[in-house]
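J.: Count along the sequence shown from 1, then add 1; that gives the number in our numbering.
Hint data in this document are derived by calculation from the structure and do not stem from the laboratory.
No experiment lies behind these values; they were computed from the predicted model shown.
It is possible that some hints are incorrect.
[As the list claims (entries may be wrong)] The calculated lysine-lysine pairs, modelled on DSSO-like cross-linking and capped at a C-alpha distance of 30 Å, are: (1) Lys72 x Lys90; (2) Lys12 x Lys27; (3) Lys8 x Lys20; (4) Lys152 x Lys136; (5) Lys8 x Lys72; (6) Lys13 x Lys90; (7) Lys136 x Lys151; (8) Lys90 x Lys18; (9) Lys27 x Lys13; (10) Lys18 x Lys8; (11) Lys27 x Lys14; (12) Lys7 x Lys18; (13) Lys151 x Lys90; (14) Lys72 x Lys59.
[As the list claims (entries may be wrong)] Pairwise CB distance ranges (calculated): (15) Gln70 x Gln161: 41 to 49 Å; (16) Gly132 x Leu172: 22 to 30 Å; (17) Ser67 x Ser31: 34 to 42 Å; (18) Glu92 x Ile174: 35 to 43 Å.
Quick reminder that beta carbons are idealized off the backbone N, C-alpha and C, glycines included.
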Amino acid sequence: MAERIKKFFQKKKTDAKFKMAGPGHKLSESTISSQSSNVQCSKKEVRMIRSGLSEESKVAAEAALSRLQQKRENPSFNTSLAAIQAQVKRELENEQANQMAAASASKSTSAPSEHQKREIEDLPRNYAASGVYFKCPLISNDILPRDEWKKNIKTFLYEQLEEERGLTACLIIQSCNNNREK
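Could you put together the complete structure from these sequences and hints?
T.: Below is the structure:
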């Protein structure tokens, strides 16, 4: 049974090789004329094949174009939008803090101090983003500066300590130790 299967596949392989060999030629013909006729036949075949796009290829091309347009219109994550939202959030927090400070300062003194004037002058204006911000989808989707992420990572790791003690302890040692020289 196995021999029959082997013979069957060998026969199919030889048939395929024979078909791939191309058109036959007589031994009495010169090799130059047979090569030129082969080249002419292949050129005709190529021209016939490339006559136009088939319906399947047209549908595939349209589908690819529509996918590209959807990708451009709906990006999965717009970094600039997230950075702008984080900037607006920080500005609102700074404004609230300034209002609270102004309210407490108005109770104690009526004129703002020189230190407060310097802080207001040092604030960057008209920038899309000031500084480097990070995002960690494992903890949350917030975009925060490095110092705030360190605090968030530390609290997250201490919360996870109960679930997996060994791994979390190693992660706390690795990520929460700032002075690595000790």
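J.: Look at each hint and say if it fits the structure.
T.: Each hint tested on the structure:
Distance restraint check for Lys72 and Lys90: the Cα-Cα separation of roughly 28 Å lies within the 30 Å cut-off, and the hinted pair is therefore satisfied. Our distance criterion of 30 Å between C-alpha atoms is met by Lys12 and Lys27, whose separation comes to about 25 Å. A hinted pair counts as satisfied when its Cα atoms are at most 30 Å apart, and Lys8 with Lys20 qualifies at roughly 18 Å. Among the hinted pairs, Lys152 with Lys136 is consistent with the structure: their alpha-carbon atoms are about 13 Å apart, no more than 30 Å.
Distance hint between Lys8 and Lys72 is unfulfilled; the C-alpha atoms sit about 52 Å from each other, more than 30 Å. Among the hinted pairs, Lys13 with Lys90 is inconsistent with the structure: their alpha-carbon atoms are about 71 Å apart, more than 30 Å. Taken as a hint, the Lys136 and Lys151 pair is honoured in the structure, with Cα atoms around 12 Å apart against an allowance of 30 Å. For the hint pairing Lys90 with Lys18, the CA-to-CA distance comes to about 70 Å; that exceeds 30 Å, so the pair is violated.
As the CA atoms of Lys27 and Lys13 are separated by approximately 25 Å, the hinted pair is consistent with the 30 Å bound. For the proposed pair Lys18 and Lys8, the alpha carbon gap of about 15 Å is at most 30 Å, so the pair holds. With a C-alpha separation of about 24 Å, the suggested pairing of Lys27 with Lys14 holds against the 30 Å cut-off. This hinted pair checks out: Lys7 and Lys18 have alpha carbons roughly 17 Å apart, not beyond 30 Å.
For the suggested pair Lys151 and Lys90, the alpha carbons sit about 19 Å apart, so the restraint of at most 30 Å is met. Of the supplied pair hints, the one linking Lys72 and Lys59 holds, its CA atoms being roughly 20 Å apart against a limit of 30 Å. With their beta carbons about 42 Å apart, Gln70 and Gln161 fall inside the hinted range of 41 to 49 Å. Roughly 26 Å separates the CB atoms of Gly132 and Leu172, a value that falls within the hinted 22 to 30 Å.
Roughly 55 Å separates the CB atoms of Ser67 and Ser31, a value that falls outside the hinted 34 to 42 Å. Between Glu92 and Ile174 the CB atoms are about 36 Å apart, so this pair conforms to the stated range of 35 to 43 Å.
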